[in-house]
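These protein sequence lines are chains A and B, in that order.
Sequential numbering from 1 applies to the first sequence in the UniProt record's numbering.
Sequential numbering from 1 applies to the second sequence in the UniProt record's numbering.
If you are wondering where the hints come from, they were derived from the structure by calculation, not from laboratory data.
Given the structure is predicted, the values throughout are model-derived calculations rather than measurements.
One thing to keep in mind: the hints can contain errors.
[Stated by the list, open to error] If you only want the chain B side, here are some residues facing chain A, beta carbon under 10 angstroms, derived:
1) Lys-44
2) Tyr-105
3) Ile-165
4) Gln-171
5) Thr-173
6) Thr-177
7) Phe-183
8) Ser-274
9) Ala-276
10) Asp-277
11) Val-281
12) Pro-282
13) Trp-310
14) Gln-312
[What the hints assert, rightly or not] One side only, chain B facing chain A, incomplete, derived with CB under 8 angstroms:
15) Val-29
16) Thr-33
17) Ser-35
18) Phe-37
19) Leu-41
20) Leu-104
21) Ile-168
22) Gly-169
23) Gly-176
24) Gly-179
25) Gly-182
26) Ala-192
27) Val-270
28) Gly-271
29) Ser-314
30) Ser-316
[As the list claims (entries may be wrong)] Across the chosen pairs, the derived CB separations fall in these ranges:
31) Asp-414/A - Gly-97/B: 39 to 49 angstroms
32) Ile-332/B - Gln-93/A: 39 to 49 angstroms
33) Ala-329/B - Asp-353/A: 28 to 38 angstroms
34) Asp-178/A - Leu-137/B: 36 to 46 angstroms
35) Ala-153/B - Ser-230/A: 28 to 38 angstroms
Built from N, CA and C at the ideal position, the CB exists for glycine as well.
Take a look at the letters that make up each chain.
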Amino acid sequence: MTPSRATNRLAPAAALVVLALTLTACGAKTESGEEAGASGAAESCVDTSGDTVKIGFLNSLSGTMAISEQTVHDSLELAAEEINADGGVLGKQLEIVSEDGQSEPTVFAEKAEKLITSDCTAAVFGGWTSASRKAMLPVFEAQDSLLFYPVQYEGLEASPNIFYTGATTNQQIVPALDYLKEQGTESIFLVGSDYVFPRTANKIINAYAEANGMEVLGEEYAPLGHTDFSTIVNKVKAADADAVFNTLNGDSNVAFFKEYKNAGLGPDDMPVVSVSIAEEEVGGIGVDNVEGQLTAWNYYQTIDSPENDTFVEAFKAKYGDDRVTSDPMEAAYTSLYLWKGMVEKGESFDVADVQEAADGVTFDAPEGSVTVNGDNHHIAKTALVGKIGSDGLIHTEWSSGEPIEPDPFLEGYDWAEGLS
Amino acid sequence: MSALDSLYRSSRARVIIGFAVAAVLLFGVAPATMSTFRLGLLGKFLCLAMVAVGIGLAWGRGGMLTLGQGVFFGLGAYMMAMHLKLADAAQVEGSGGVPDFMLLYGSGVVPGWWEPFRSPVVTVLAILVVPAGVAALLGFAVFTRRVRGAYFAILSQALAAAFAILLIGQQATTGGTNGLNGFRSFFGYDLADPVNKRMLFFIAAGALLVMVAIARQLMVSRFGELLVATRDQEDRVRFLGYDPAKIKVVAYAVAALMASVGGALFVPIVGIVSPADVGVVPSIGFLIGVAIGGRATLLGPVLGSIAVSWAQTSLSEQFPSGWIYAQGALFILVVAFLPGGLAELFTRWRRSRRTPVPDDGTATGDGGDPGDGPGPDESADITGPAYSGRTS
Chain A
1 MTPSRATNRL APAAALVVLA LTLTACGAKT ESGEEAGASG AAESCVDTSG
51 DTVKIGFLNS LSGTMAISEQ TVHDSLELAA EEINADGGVL GKQLEIVSED
101 GQSEPTVFAE KAEKLITSDC TAAVFGGWTS ASRKAMLPVF EAQDSLLFYP
151 VQYEGLEASP NIFYTGATTN QQIVPALDYL KEQGTESIFL VGSDYVFPRT
201 ANKIINAYAE ANGMEVLGEE YAPLGHTDFS TIVNKVKAAD ADAVFNTLNG
251 DSNVAFFKEY KNAGLGPDDM PVVSVSIAEE EVGGIGVDNV EGQLTAWNYY
301 QTIDSPENDT FVEAFKAKYG DDRVTSDPME AAYTSLYLWK GMVEKGESFD
351 VADVQEAADG VTFDAPEGSV TVNGDNHHIA KTALVGKIGS DGLIHTEWSS
401 GEPIEPDPFL EGYDWAEGLS
Chain B
1 MSALDSLYRS SRARVIIGFA VAAVLLFGVA PATMSTFRLG LLGKFLCLAM
51 VAVGIGLAWG RGGMLTLGQG VFFGLGAYMM AMHLKLADAA QVEGSGGVPD
101 FMLLYGSGVV PGWWEPFRSP VVTVLAILVV PAGVAALLGF AVFTRRVRGA
151 YFAILSQALA AAFAILLIGQ QATTGGTNGL NGFRSFFGYD LADPVNKRML
201 FFIAAGALLV MVAIARQLMV SRFGELLVAT RDQEDRVRFL GYDPAKIKVV
251 AYAVAALMAS VGGALFVPIV GIVSPADVGV VPSIGFLIGV AIGGRATLLG
301 PVLGSIAVSW AQTSLSEQFP SGWIYAQGAL FILVVAFLPG GLAELFTRWR
351 RSRRTPVPDD GTATGDGGDP GDGPGPDESA DITGPAYSGR TS
């Protein structure tokens, strides 16, 4: 082992690094961040010359989120099937490219880029967690393509390349708080999973409570997937609030509600308002454990309207009588029809034309009439508070009566100043 | 020694040819034949392969089952991501140099421990020094107490779990589960520009080749021999007068450095780092490629890691919900029938072609599980020059 040998051996590798650096020192430098994004954007490769047009579905079909996202995938397929049977969009049949997000943000980003640049899809539908949306956002902006995101979320975002067809905070959380206030609730306890949605939601709830004379008696977080809730439930019990605001997500709800019931608590003495429990989850938690508890959404399977009857019937006919429909599924179903509406209004699949045409596009969705807001790309939706019934379905208890205009940054609320 | 020497010479020629082929593939063939998207994917795989090189050294050669490389990968990735976030924020008017997510979810004030990462020089130095330093400190504390085998594996895995939980809990300063994302530039270069994406790929390819060169250098050196000796018979090494703890600390720190650089380059190429990339599951994921490729060999970990990543992507494109079974089946097959990884197949094939003279001198993977067997009759073997190893 002599030193000369060592240098000999490392020489080729060192030379390569130098080569690499010289070969490539010619990319665009950023002058101001805003302009650079547009100049570097790739040319769209969407092919609209044939009888078909490609769209992408990007949902987690494996991993922890698969159980939720598969249902969204199912309802997207139903919508595509219906649209194709009805003559397609601008006379073109939809050709679906499905990708698995694997419940991982990095995979969502990777697959989104694949759908846009390799498959040349005109628009992509999917995503569930905030992390997956945040991971995809820069991809859609850099490639100047479109994402339709179907899940209620924490707000504070408005990308020109994303259409948000789930509720933002002023269409779900704020109405739920209004409802509690109407019911004479004076104190609440906050329980949530430890991630961005519950933390942001609770920030908003704290601001609302302070402005409306409500007292927040406690704020507890559990890691995602946590299943031991004895400590938290004891704290809730000791606090003896008028109501509990629950932003737990996934499996944790099963453990929480079992523990809640074991502790002798129930909807009569301390109701729990949940924002992540829909029809699909009620079955998993067990109707016994959550009967009589409250949820806040924009759609329930029990909504009585011709549009919803058709939707529920078609879904059950395609996937089986034991399946239920839920808010995110309905929002995904609606998103495909809204995209169709935008494309037909703008008479083009081009991203800029769709963005231009988006404002004011309406659809008689199963949840009721919804309208796209061209400024923030969210949609006006009616807020509902429902009670979980013994049949495992959720029944509307309270409704905002009319669609609420989306306000993702809560600019129309004095108490929310300083939140965003 | 002459037989060993000639063997060494021929293997040296092989190494140079190998590097040349790899360089042509990575710098010539790949960019010429692949789309920007595929090239970016390959770049991501190369970053993961860097972690694998380190694991090959620490686990394959050193016998330390590192189940927590996500920590070092994450440290490198987050430090790079913090710099990119701060650099982007400095270009946005009206933000006051505060990253977007802090304005939305945090206090709107950049915490003190972020500040050093405004400087590109400090960032690069920190990426090179901090994870290796952490690994050295940790390794020193653990290995001098002779913690090894399954206990070390559990410890390193717990560290990965704790690290991910810590990141999730500090949403205002680390981005929580969302992680850090939405980078626009890399040291002043626009990340959306395909030319710059190719530059990043070249940097990753160059870094990987350098790491493989370093790993080879370490393997054939006196240190490499000691490392293998420590893996196979730690007590005997101690009786010969060497300190096994120091040897292991060095290998562990080098592995951490490689993981850190891989993480740092992963960030601009992939565009996001989140706790999902640093916790227990990805840490185990790093091992799968290494085990399948052949952990004790030089190229086994790299090729295994790239092959597994590639298979995962292409299988998941073909069968969106079935790919995971294929990966599991391959892993089980390898563990059950080829404990030395696919490299073992290659070695067996080469041996069968040669005359049946056993060549004990080669550094190719023996594949056999070194295990933690009881040290047999050590007393009979104390023939070392000095018996200076202090025992406490």
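Worksheet item: Going through the earlier hints one by one, which of them does the structure break, listed in rising order?
Response: 5, 13, 15, 16, 29, 31, 33, 34
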